[in-house]
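Protein chains: 2
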Amino acid sequence: MKEAPAWEVSINAQLLIRWWFIHKEMAWVYSFLPLWLRVLNKIENIIRKHMDTIGTEIYMPCLSPRENREKTKRIDSVDVLMKTSGANSVSYNKCTNEYILNPTHEDVVTPLVQQYTASYKDLPVAVYQIQSKFRNEARAKSWLLRGREFRMKDLYSFHASDEDFDAYYEKAKVVYSDIFKELGLGDDTYLTIASGWDFTEKHSHEFQTVCDAGEDVIYIDKKSNVAYNQEVAPALASAYEYGKDQWVLEDIYGENVVSVEKLCKFLDLPVQQTVKTMLYKDQDGKVYAAAVRGDYAVNELKLKKVLGVASLELLNDEEILSYTWAERGYAWIVNLPDTITPVYDDALESMVNMETGTNKTHYHTINVNRERDLPRPEEFYDIKDAKAGDREPQTGEEYGVESACEVGNIFPLETRFPDSFGFTFTDSENKHQKVVMWSYGIGPSRVMWVLVEKYHDNKWITWPENVAPFTHVIIAIGDKWGERAEEVYQELQKKNIDVCLDDRNVWPGFKFKDAELIGYPTQIVIWNKTLEQGDMCEVIERKTGEKNMKKIEEYISSL
Amino acid sequence: MKEAPAWEVSINAQLLIRWWFIHKEMAWVYSFLPLWLRVLNKIENIIRKHMDTIGTEIYMPCLSPRENREKTKRIDSVDVLMKTSGANSVSYNKCTNEYILNPTHEDVVTPLVQQYTASYKDLPVAVYQIQSKFRNEARAKSWLLRGREFRMKDLYSFHASDEDFDAYYEKAKVVYSDIFKELGLGDDTYLTIASGWDFTEKHSHEFQTVCDAGEDVIYIDKKSNVAYNQEVAPALASAYEYGKDQWVLEDIYGENVVSVEKLCKFLDLPVQQTVKTMLYKDQDGKVYAAAVRGDYAVNELKLKKVLGVASLELLNDEEILSYTWAERGYAWIVNLPDTITPVYDDALESMVNMETGTNKTHYHTINVNRERDLPRPEEFYDIKDAKAGDREPQTGEEYGVESACEVGNIFPLETRFPDSFGFTFTDSENKHQKVVMWSYGIGPSRVMWVLVEKYHDNKWITWPENVAPFTHVIIAIGDKWGERAEEVYQELQKKNIDVCLDDRNVWPGFKFKDAELIGYPTQIVIWNKTLEQGDMCEVIERKTGEKNMKKIEEYISSL
Chain A
1 MKEAPAWEVS INAQLLIRWW FIHKEMAWVY SFLPLWLRVL NKIENIIRKH
51 MDTIGTEIYM PCLSPRENRE KTKRIDSVDV LMKTSGANSV SYNKCTNEYI
101 LNPTHEDVVT PLVQQYTASY KDLPVAVYQI QSKFRNEARA KSWLLRGREF
151 RMKDLYSFHA SDEDFDAYYE KAKVVYSDIF KELGLGDDTY LTIASGWDFT
201 EKHSHEFQTV CDAGEDVIYI DKKSNVAYNQ EVAPALASAY EYGKDQWVLE
251 DIYGENVVSV EKLCKFLDLP VQQTVKTMLY KDQDGKVYAA AVRGDYAVNE
301 LKLKKVLGVA SLELLNDEEI LSYTWAERGY AWIVNLPDTI TPVYDDALES
351 MVNMETGTNK THYHTINVNR ERDLPRPEEF YDIKDAKAGD REPQTGEEYG
401 VESACEVGNI FPLETRFPDS FGFTFTDSEN KHQKVVMWSY GIGPSRVMWV
451 LVEKYHDNKW ITWPENVAPF THVIIAIGDK WGERAEEVYQ ELQKKNIDVC
501 LDDRNVWPGF KFKDAELIGY PTQIVIWNKT LEQGDMCEVI ERKTGEKNMK
551 KIEEYISSL
Chain B
1 MKEAPAWEVS INAQLLIRWW FIHKEMAWVY SFLPLWLRVL NKIENIIRKH
51 MDTIGTEIYM PCLSPRENRE KTKRIDSVDV LMKTSGANSV SYNKCTNEYI
101 LNPTHEDVVT PLVQQYTASY KDLPVAVYQI QSKFRNEARA KSWLLRGREF
151 RMKDLYSFHA SDEDFDAYYE KAKVVYSDIF KELGLGDDTY LTIASGWDFT
201 EKHSHEFQTV CDAGEDVIYI DKKSNVAYNQ EVAPALASAY EYGKDQWVLE
251 DIYGENVVSV EKLCKFLDLP VQQTVKTMLY KDQDGKVYAA AVRGDYAVNE
301 LKLKKVLGVA SLELLNDEEI LSYTWAERGY AWIVNLPDTI TPVYDDALES
351 MVNMETGTNK THYHTINVNR ERDLPRPEEF YDIKDAKAGD REPQTGEEYG
401 VESACEVGNI FPLETRFPDS FGFTFTDSEN KHQKVVMWSY GIGPSRVMWV
451 LVEKYHDNKW ITWPENVAPF THVIIAIGDK WGERAEEVYQ ELQKKNIDVC
501 LDDRNVWPGF KFKDAELIGY PTQIVIWNKT LEQGDMCEVI ERKTGEKNMK
551 KIEEYISSL
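The listed protein sequences derive, respectively, from chains A and B. Take the first sequence: its letter number 495 is residue 495 in my numbering, and every next letter is one higher. Take the second sequence: its letter number 37 is residue 37 in my numbering, and every next letter is one higher.
Hints are computed from structural coordinates only; laboratory data are not their basis. If you're wondering where the values come from, they're calculated on a predicted model, not measured in any experiment. Yeah, the Cβ is synthetic: ideal placement off N, Cα and C, and Gly gets one too. Please note that a few of the clues may not be correct.
[Said to hold, decoys possible] Below 35 Å or equal to it, Euclidean Cα-Cα: the simulated DSBU-like pairs (lysine-lysine) are:
#	chain 1	residue 1	chain 2	residue 2
1	B	LYS202	A	LYS173
2	B	LYS49	A	LYS181
3	A	LYS24	B	LYS173
4	A	LYS434	B	LYS24
5	B	LYS171	A	LYS511
6	A	LYS511	B	LYS121
7	B	LYS173	A	LYS73
8	A	LYS94	B	LYS202
9	A	LYS494	B	LYS181
10	B	LYS543	A	LYS121
11	B	LYS494	A	LYS495
12	A	LYS121	B	LYS547
13	B	LYS454	A	LYS94
[Said to hold, decoys possible] Simulated restraints, written as ranges between beta carbons of each label pair:
#	chain 1	residue 1	chain 2	residue 2	range
14	B	GLY389	A	ASP498	27 to 37 Å
15	A	ASN466	B	ASP52	30 to 40 Å
16	B	ARG18	A	HIS432	17 to 27 Å
17	A	THR544	B	THR462	52 to 62 Å
18	B	ASP535	A	ASN496	32 to 42 Å
19	A	ASN466	B	GLU98	32 to 42 Å
20	A	ASP212	B	THR462	55 to 65 Å
21	A	VAL226	B	ASP52	38 to 48 Å
22	B	LYS543	A	THR544	24 to 34 Å
23	A	THR544	B	LYS181	45 to 55 Å
24	B	ARG66	A	THR96	35 to 45 Å
25	B	ASP457	A	GLY186	42 to 52 Å
Only chain A is shown next, with the shape it has when bound in the complex:
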């Protein structure tokens, strides 16, 4: 097409539509045209090859009965769940049943595996599938990243014990790494620790590919080559040189100076000298004051873990007033009722001459010092969101902070779904035991998106060889090419080379331009000129631009 469609926001979607890779059917639903489908098939076959070493492929339907999701109590809570029904009165009256259009298959695979698994001898079981999934997304980001209909590989493993899972998981991690390596994403894809589900203490694992347009931010510890997403990244604050002298404690009146930026300006203080205190209550109404350095945010997930509570909620204005006798924005840890438990972030440990709230509206205290002005707490905790410049506490290494796109994930489902279906197994002593379950996803549509994002230059996509729509194209030009190019095409096919013959009756310029756009890694040009030089062809490498004249016979046998 002469112009990219203006209605498409994402640049790579614009280009893919313009160059006939995809066709937009409606918002976040696309048809895959021939070249794009070839890429998808290559991606899915690479995934399949590796998954076959740790699981068995099955194919579950897109439709499932409502009852399964009623049993797992997900019928009302999953906010992307779609259902089907008759689309007109004739169809509806004929069959009024409604079905679920599966967004994932935990609720389907669990009773399926249950039927074939009774004893410890049948475990572990690992099954996977590659198919289309459906989500009722309100507004999908970046087209392929969160589509209404998208491709997914989902594997589910069932184990007799956590130990058995642990051994399996080590294999699965290697397999995942191998897959991303073969897809051309190995160097930029990190095993990333993320938070687990509500019902588990365990972390889930994501595979995140570093990518400028990615919607996530990851913290990479280059020493261990492990990354964290922001929610769980352990954070050692960047060092700051505080002076040694303790200055005089002072309360300063500053009307409505609440934000950190305003405050630093107003008091002429570096942000590292300020403290932010947030007041939370847990599920039982117990109240906590969490204090972090002014340039950090409180990480509620970490705070919950430190406190060992199920949920946390910020106090509202009224509650703040009743607890601190001050408006929101002036809370501080001292002079609070005993019923409030203080929690200090570890960045506060080394702070000298801190600025804090005073629990008095419009008042700020400066030059607060521990031991002199307030007791030293028994312990400091990491309760802050990581940010650029922070270090990994174990290795001491400064994080690499990068935008990234999640291409795979591993979830500890534990016994949640087996419990819903009463799925147990009998152990060697014939006792019923709980089944442990995990799920492992890879999104082929997301992988495609990332590949396009990462591998394009100013001309177009420079596909990694393993996933290019074709690895070679024969560009045939002039009146003599016909027979010879066709022969070369046949010979390369016999050698299982993934080759495309451009035998269209169009101007040579079109063929060269299209070859660039489609991104074949290697172009083989056959025309009058090259043939007249003694059965030669010109071989052009897309990535380097290198051009070489080669004897056709020799070139073919070199492949």
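Put chain B on the given structure of chain A with help from the hints.
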């Protein structure tokens, strides 16, 4: 499983569930377990290989916008159409859009191809896909035949003219035959002429596989190797020897003797001497009397074509009375008002001493003879449903009448869908012309069903080699097998033999029984006994039961 599930009606579904090929999720929706998925993949890859010679594979989504089907006026008329919506209030409120879950893709592929097709130079275009389709079936027959969710290959071709289509169609027919041949269904699959869609005069073509449990009946002309479905089979009635003498015309009183069986008994006449007359009116209210021999039924489709009318409807009792002055069951062609047009079936041409109605309630006339008692019509027509014993009029060959299952079809969609989307092309004189469109389907799920139906013996399925889950199984028994069987397995894999190694730690009897049930075409038995005879194995052919001891090395190189 020890027993087949009693709730499954179809015997082959019972067995497939029992032997772990499929898992029922709900009525007419099944999960494909590993072995069954391998069969599906083989079937789909055979189809794909052949389709690639006449079309290009694409992948359209399962979801489509309502607007497309509003344009084609199919939103309210397709009685199996399903739609999607949010499954709970959170999901629904987030995004209230409803989408169509495609049962076929004419309404999606037409605007898609339109976007890339402007001039006659761009035509023909043929694209296909293989994917899951959805239908809101009220009660599906024979599980896989009409599922709510099923696999389908659908190809759509677009042409500048009927001539261009004709040339393409000849290629497509050969490709279809090749596919069914490779699937192991070649000998029993017939190109079957069927009726076209409402908007076309043209026949559609079905590919029907002869199969006892099939839901259709086809009429096979063995001379031309073409079959017809009953609706369109041209029918030359079986010969009947009428005497030469014309007997005396007589009216006989017979109260309420209306059905043919009762009548023949009452009058002591062979059914071939009776005539059945049916009264119809067309869309404009014009009335016709259609007369067929007593042992035939009037074929409304044929009658419509003979009369050149858009629709026909049987007269109701009141109308019959007003036109014939007699109750239903006593109509006859003579003595009717001139406003009623008579149509004679060609089986009536040779009849002598016919029994007919009299247009008088309770009266039957016997020994009616043409020219003596009624005028000879200008023409006789074939307006009857074919039945067993009939012949094909062109070849004179008696039809083979067989139960069959439709595994593929070809529909003349003509300009209907292109017209709905305003899809035209410019010809060489730059004039806008209409695009001609056809669709071509093959149902992989149906093919699987037919394969199981056709290829089972008393033990289980005897898969044709091309679609067996694995072609070879290595059955390893005893304590010495381990290393050697593993070696053989590796060597066969290197030779691209589709082999499975049964290395389970179970009793040999289990392995032999499972091998029978799964239906591997070839079993390779490796155990202490065979190894001790000088590195031998026993090769068992599933189909013939033939057993041979073979040197392992020699056997491997023979493959």
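>> Does LYS94 (chain A) sit within 35 Å of LYS454 (chain B), going by the straight-line distance between their CA atoms?
In response: Judged against 35 Å, a Cα distance of about 32 Å means the pair holds.
> Do ARG66 (chain B) and THR96 (chain A) keep their Cβ atoms within the hinted range of 35 to 45 Å?
Replying inline: Since ARG66 (chain B) and THR96 (chain A) have Cβ atoms about 20 Å apart, the given range 35 to 45 Å is violated.
> Is it true that the C-beta distance of ASN466 (chain A) to GLU98 (chain B) lies inside 32 to 42 Å, as the hint says?
Replying inline: Given a distance of about 40 Å, which is inside 32 to 42 Å, the answer is holds.
>> Does LYS547 (chain B) sit within 35 Å of LYS121 (chain A), going by the straight-line distance between their CA atoms?
In response: holds (33 Å)
> LYS494 (chain B) and LYS495 (chain A): Cα distance at most 35 Å?
Replying inline: Given that 35 Å is the threshold and the Cα spacing comes to 17 Å, the pair holds.
> Is LYS94 (chain A) within 35 Å of LYS202 (chain B), Cα to Cα?
Replying inline: holds (30 Å)
>> Verify the CB-CB distance for ARG18 (chain B) and HIS432 (chain A) against the hinted window 17 to 27 Å.
In response: Since ARG18 (chain B) and HIS432 (chain A) have Cβ atoms about 26 Å apart, the given range 17 to 27 Å holds.
> Is LYS24 (chain A) within 35 Å of LYS173 (chain B), Cα to Cα?
Replying inline: At roughly 32 Å apart (the allowed maximum being 35 Å), LYS173 (chain B) and LYS24 (chain A) satisfy the hint.
> At the C-beta level, are ASP212 (chain A) and THR462 (chain B) separated by a distance inside 55 to 65 Å?
Replying inline: holds (57 Å)
>> Tell me if the straight-line CA distance from LYS494 (chain A) to LYS181 (chain B) falls inside 35 Å.
In response: holds (24 Å)
>> Tell me if the beta carbons of THR544 (chain A) and THR462 (chain B) are separated by a distance inside 52 to 62 Å.
In response: holds (55 Å)
> If you check the beta carbons of ASP457 (chain B) and GLY186 (chain A), does the distance land in 42 to 52 Å?
Replying inline: Cβ of ASP457 (chain B) to Cβ of GLY186 (chain A): about 50 Å, so the range 42 to 52 Å holds.
Violated hints, listed in ascending order, are 1, 7, 14, 15, 22, 24; each of the other numbered hints is respected by the structure.
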